[in-house]
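Colleague: The chain contents come next:
Number of protein chains: 2
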Amino acid sequence: MECIMPKSPCGWVKKITVPAPSLQDNTADAERVFGALKPALSNGTVSFDMSLLRNLPGLLRKNDGEFNCTLCRRQDHWTVLDLSPADDPAPPIGAAIDLGTSRVVLRLVDLISGDVLSESSFDNPQIAIGPDILARIHHAAEKGGLAALQTLIVNPLNREIAALCHSCGRVPEDLLLAAVAGNTAMTHLFMGLDPQWIIREPYIPVVNRPDLVKAIDLGLKLNPRARVFIFPNIGSYFGGDLIAGILYAGLHQKEETAIMVDVGTNAEVVLGNRNWLIACAGAAGPALEGGVTKIGMMAGPGVIDKVQRVPGSRQLRISTIDDLPPVGICGSGVIDLAAALFMSGMLDIRGKLVPEQCDGRIRYQAELAHFVLVKEEDSGIGRDLTISQADLDSLIRSKAAMYTILETISQSVGTALPDLASFYVAGTFGSFINPRAAISIGMLPDLPLTAYHSLGNSSLGGATHYLTHADCLAEIDSIRDSITYLELNVNQDFMNRFSAAKFLPHTNAALFPSVAREES
Amino acid sequence: MECIMPKSPCGWVKKITVPAPSLQDNTADAERVFGALKPALSNGTVSFDMSLLRNLPGLLRKNDGEFNCTLCRRQDHWTVLDLSPADDPAPPIGAAIDLGTSRVVLRLVDLISGDVLSESSFDNPQIAIGPDILARIHHAAEKGGLAALQTLIVNPLNREIAALCHSCGRVPEDLLLAAVAGNTAMTHLFMGLDPQWIIREPYIPVVNRPDLVKAIDLGLKLNPRARVFIFPNIGSYFGGDLIAGILYAGLHQKEETAIMVDVGTNAEVVLGNRNWLIACAGAAGPALEGGVTKIGMMAGPGVIDKVQRVPGSRQLRISTIDDLPPVGICGSGVIDLAAALFMSGMLDIRGKLVPEQCDGRIRYQAELAHFVLVKEEDSGIGRDLTISQADLDSLIRSKAAMYTILETISQSVGTALPDLASFYVAGTFGSFINPRAAISIGMLPDLPLTAYHSLGNSSLGGATHYLTHADCLAEIDSIRDSITYLELNVNQDFMNRFSAAKFLPHTNAALFPSVAREES
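Those protein sequences? They're chains Y and H, same order as listed.
With the first sequence counted from 1, adding 35 to any position gets you the working numbering.
With the second sequence counted from 1, adding 35 to any position gets you the working numbering.
No lab work stands behind these hints: they were computed from the structure.
Any given hint might turn out to be false.
Identical chains blur together in the list; that is why a pair holds if it fits in one copy or across any two.
Straight-line Cα separation of at most 30 Å, DSSO-like style, residue types lysine-lysine; simulated pairs [what the hints assert, rightly or not]:
(1) 97 x 410
(2) 178 x 97
(3) 256 x 50
(4) 73 x 249
(5) 178 x 256
(6) 249 x 50
(7) 341 x 97
(8) 387 x 410
(9) 97 x 50
(10) 50 x 73
(11) 387 x 249
(12) 341 x 387
(13) 256 x 289
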């Protein structure tokens with residue numbers, strides 16, 4: 036009797052034909068809808084929200100039996116979120132949200148076609164409480180602090196969602212589903228869950244799998260029946276943003292072993308294939324302080340983001356954002372610069388500037404060597420633009436830390452870095468890194484450049500993937516459950532590796548066969 | 036590690052030991068509770084309400100690991116409603132509610148021991164809108180009518196629940212679960228669901244299985260996480276009150292075929308055993324109008340509720356409620372009276388008064404014979420207390436209707452009425468009927484008196500059963516699913532049976548061997 040055709044690749048919206056009641060079949064309205072849905076749902080049970088039940092008789096009798104039914108799923112239980120006439124021109128929409136510590140990115144998705152409708156981002160206003168998550172967690176422990184932090188993230192989300200809907204000619208009531216990926220502390224603050232035990236030994240979150248939550252229970256002003264999927268975490272150090280990233284990269288589905296590095300506030304690494312996944316986070320003790328993301332300044336107009344060496348010479352070509360006179364250098368620019376300096380012999384294998392190779396571009400301030408990258412007359416700041424030996428030392432520590440972590444995690448499972456089939460770099464910063472330069476300084480392993488893939492915002496990508504794949508919950512659970520978390524043990528062995536990685540590209544040059552330095 | 040002992044016969048409250056977290060096991064708080072619960076739950080998944088999750092870290096760390104965990108269940112999904120220290124002296128409580136068209140009865144139950152804590156009842160204030168359900172359904176279709184009707188039932192429920200809790204030294208926040216049984220229209224009004232399609236062909240409810248609903252979604256002021264179980268209906272004519280009644284009587288579990296008659300606003304009949312159930316409702320067309328419950332007046336002080344014949348004579352002994360001077364006669368009294376009049380020859384087999392046998396106790400008003408039951412000087416109303424031939428005719432039609440329905444339903448499955456092992460009479464009215472008198476006039480079949488059982492308020496009994504048996508949901512579903520609803524077809528065959536049953540006790544005296552009338 037019912038003609039079921041899944042209307043969408045996303046799978047949230049089922050096209051159903053609800054049979055009219057008769058004296059021979061006096062099944063109630065709700066159960067007739069359930070019956071029509073049954074062939075479309077692989078298994079499990081279905082329920083209605085009371086608010087939809089209250090509209091159901093009128094809705095069913097005003098239309099001719101053809102409906103789009105939007106559902107969400109929790110394990111084997113489906114909840115009907117909305118029922119609209121099949122010819123309704125406005126499809127239900129979903130919101131993918133990357134809940135970053137510094138920046139929040141959101142994206143509206145058509146829940147039928149899976150098309151991205153629009154996207155926007157804003158600085159996380161919790162920065163006012165504390166730029167890093169630790170300060171916020173301490174603030175949450177104060178009276179009213181947690182509620183204030185939750186409001187600080189939920190209110191602007193409501194504003195941005197409303198604006199984003201408006202820009203597409205829609206209203207927040209059309210939003211039936213949201214998918215949120217963030218680190219463990221951020222998702223706790225978002226849900227109003229006490230985060231204080233996350234930072235105290237033994238580092239315990241309130242919940243690992245928040246699963247589906249009602250939007251109104253979080254203060255989100257979407258459709259009153261809207262549900263919010265919050266990506267699961269593994270613990271304090273491994274959040275839903277990374278699970279979302281793995282989902283997006285598809286690491287868990289590949290035959291060959293691949294690695295994903297998410298260069299966000301922390302640097303997190305996941306290694307694996309469809310049989311196993313192992314992960315670790317870069318916040319691994321004082322040796323690694325600083326981190327990859329602390330290199331250089333934030334990208335912005337006039338900031339140097341690329342540095343290239345004129346082949347066969349010591350001349351450098353710089354590119355700035357928007358082609359403006361240079362005002363500073365960002366992380367990807369610093370990596371490029373270090374590679375260029377090293378490849379042309381201006382930097383030695385210890386990462387120290389070699390004044391006699393630098394053609395008079397070295398200045399000293401308080402006995403500290405500075406390399407003049409842009410002269411006063413060409414710069415946008417009215418003076419020489421320089422990089423100091425201290426900045427370069429910091430880069431060397433960071434690149435050594437990165438390589439050591441990559442080496443440690445791969446050795447822990449007996450995989451050699453050169454054997455990796457694919458290397459995914461996630462995160463906004465990661466998407467600007469030039470792998471060739473990063474290989475040259477020994478920050479990333481010497482794989483063919485074709486093995487490197489930039490994922491961009493993989494957390495947002497994973498959240499979007501959830502919205503466009505109604506059946507991926509089991510996949511997400513299986514990712515979560517299959518990850519082995521490697522606690523980085525900063526022992527002598529680790530420190531030995533770290534010391535070796537502090538050379539350019541490495542004390543063991545055989546690890547970097549492609550790095551052929553021009554000897555001067 | 037966890038020592039699980041189901042703490043209660045009810046099964047809602049599990050005693051669990053939540054292990055402390057460690058660096059070796061950094062599972063989140065919620066998932067540690069899930070883990071501790073797992074051995075106590077046969078199967079399925081578990082989730083927390085956001086509000087409980089927000090209290091969880093403090094709760095777990097304030098106590099020593101032993102908790103009482105109260106859960107509710109929806110198919111294979113459990114929801115944690117509350118977690119309290121194992122030594123909490125105040126057990127969680129539940130409320131059983133019989134949502135009657137005329138009267139609402141509620142009962143508080145200890146969800147650990149299953150003990151009934153207290154009970155109260157109140158007239159359904161929706162009576163002000165309309166004494167019968169039809170008037171209310173019409174009112175619900177008017178603007179604001181449905182909301183007004185819902186408020187009319189929810190507000191006094193909140194008041195009564197608060198008062199009942201107070202009387203036990205408790206507060207409504209201690210109430211975690213409610214079970215509500217009512218007819219289909221009443222439960223729809225209670226949920227704020229549009230009931231108008233229930234009374235229009237083809238008579239379609241909004242929902243058959245409302246299942247578990249959040250108390251706050253219904254406006255009930257219990258614990259903010261409390262859930263309300265609403266008994267399922269089969270359709271417009273067969274409500275959750277009857278499903279609750281079957282559950283309470285245990286009809287669905289018995290080897291031998293039994294019958295249950297619920298004499299409420301309608302007279303509903305269920306026949307069956309553990310293999311099958313068949314049901315019909317007494318609202319079966321104009322022939323039966325009036326119904327059994329319309330006989331006599333409401334029971335109250337001074338109302339005659341029993342009439343006995345002094346054996347071997349035509350003298351009648353009456354009993355009144357509270358032994359006050361008689362002011363009227365209620366239904367059970369009328370049946371007693373008719374039996375006494377018939378057995379002593381004052382009423383003939385057609386149910387007509389026989390003046391010459393009545394020793395001068397007949398008066399005429401507008402040519403209508405009246406039997407003087409109590410003389411002016413003995414009555415509490417300052418005049419003779421009489422019953423008219425019209426009243427008796429009405430009784431005869433009602434008793435004939437009842438017997439015809441019983442005969443029709445039993446013949447539909449090939450069971451003879453005398454073969455019934457048990458005959459359950461439910462409903463407040465039913466609990467006062469004297470089976471001997473009802474048999475004498477041919478209202479009930481001629482079974483041994485030991486076969487008759489009065490159930491009292493079986494709807495409330497079933498709701499209480501739910502609260503004391505956490506595992507009975509499948510049983511309730513199976514009752515609902517196994518009932519065949521017999522649409523009473525008022526055809527010639529039915530009318531022939533009805534005509535035969537209009538005699539006292541019946542045209543076929545062989546059906547009533549125990550009725551030995553004293554011939555005058």
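Colleague: Broken hints, numbered, in rising order?
Modeller: Numbers 1, 7, 11, 13, in rising order.
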